[in-house]
Every structure is written in structure tokens, then in C-alpha cells.
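Participant: The hints should help you fit chain X onto chain Y, whose structure is shown.
Protein chains in written order, with our numbering: chain Y, 1 to 88; chain X, 1 to 148.
Just so you know, these hints were derived from the structure itself, not from any lab. We put the beta carbon where it would ideally sit given N, CA and C, even for glycine. There's no promise every hint is true.
[Said to hold, decoys possible] Okay, the calculated bits of chain Y under chain X, using three or more residues with CB under 8 Å as the criterion:
1) 35-41
2) 45-54
3) 57-69
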Amino acid sequence: MLVLSRKKGQSIIIGNDIEISVIDIQGEQVRIGINAPRTVAVYRKEVYEEIINENREAATIPVNPEIIKGIKINRNENQKYGEEENKS
Amino acid sequence: MQLNTKHFGVIEVDEKEILYFPSGIPGFENVRKFVLLGRQEADSPFFWLQCVDKPDLAFVVTDPFYIKEDYYVDVDDEEIAEIEINDPENVLTLAIVTIPEDIRFMTVNLKAPVLINMKNNMGKQVIMKNDTFPVRYYILTGGSEPPR
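In isolation and in its complexed conformation, chain Y is listed as follows:
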């Protein structure tokens, strides 16, 4: 990993079009500004990791597909698309 020291107001350029700036430092908290093309997805790492972990868990299906088919969702809160309507 490349490690750089930056002060408040200073930036790092990655490639041609990504700029990461240190906006503010308050104790242990650093505010970071990111300028990147909108096609570059930027996420907090913990959010991205949460999705990865959830996907990995979802890929492990411990029950029989027939059980899944039989699961009925209680949609009382969503009367608009309630079962009664679907039947009619």
C-alpha cells in the first residue's frame, strides 16, 4: 500500500480524473472529498463489504427448494396487493 501524508486542504490525484481531498480533520475524524467520474462507483468500504457478505450468505441456501416455494408472505401491511385481490 502506498502511504502519503496530507494536510487539511491538500489532495491526491489518482489517474487522470480522480481527486481525493482532505476537507477537514477533527480529532479522529477526517472529512474526505472525492471528485471522480460518475461512472466510478464510490462506497464506504463497510457498506460494500456488507453487500458482499450478504451475497455470500444468500448463496448458501440451507433449505429444500420446495420449502421456499411454500413460504407464504404475510402482506397485511400491504393491502393494496393483498392476496384477496390477487385471487379475484
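Facilitator: Leaving out everything else, chain X in the frame of chain Y:
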């Protein structure tokens, strides 16, 4: 073509039904081809996103709009440029379901829906920037975690 599936053995699928995910999905970046199985069955809200190249990999998916009436997808156009969505009418929105052994605790990921462009069969899982919808929405209790 013949397709080896995780739960349904070898089945026949039309190659035209293969969905292509240019970036894979987070955690499975190297798998690109999937098919949807069981979507035509009207008696269950759940169906399958089966990986074509890896028979062992399949996800249970559902229609998030069925699970949560006021659901919506909020992503930048640029994020879905990769799958060339021009018309929202042609997008199939799916949400991945996580099923633990105790199915009372099954959840659906509403924060990161899978979008499929039905015009060109390209798909992508997108992660919404806002926290309106949770990664773990408990299906059987309308959102909140059921008592243990």
C-alpha cells in the same frame, strides 16, 4: 442448451434467456452468466437466479415491489450505463433473499437490488447510496427482526 443447476438437476434452457452481468455481482465478480428459473410459477413469490457456469451458485430472488409496496430504486444513470438502460419500462428489478436454517429469519436485500435490462439481457446489482432501505429486511414480519 443443457444447464446444470444447484437445486433442479440438469434442465434445458434457451440460450436467449441467458443474462449477462458485465461486473458479476459483489463477492462473485467472476461469474457473469445467469438464468432466471421459476419466474413463471404464479404460486410462489420466490424464484431463482442460477449461475450458468457454476452449477453450485444460485440465489433466491423475489420482486421487491411485492415485498414492500412503497419500494423504489434510486441510482444514478451513470451507475447503470454499463447495462445500457434507456427505458425504465424494460427493467426487471429483483432483490436477493437470504435464507437461514430457521426460515422465520429470512431477509431480503432491499438496499442492493439486481436490475436486469430485459431488452439486452444485461444485469447488475446496484447499491443505493441512501439508507432508505435495509440490507436485511425481514420478509415474514414486514421488516423488523422477529423475536428470537
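Participant: Take the hints in turn and mark each one as holding or not.
Facilitator: Checked hints:
no.: 1; hint: 35-41; result: holds (count 4)
no.: 2; hint: 45-54; result: holds (count 7)
no.: 3; hint: 57-69; result: holds (count 10)
Violation of the numbered hints given earlier is absent; every hint is satisfied by the structure.
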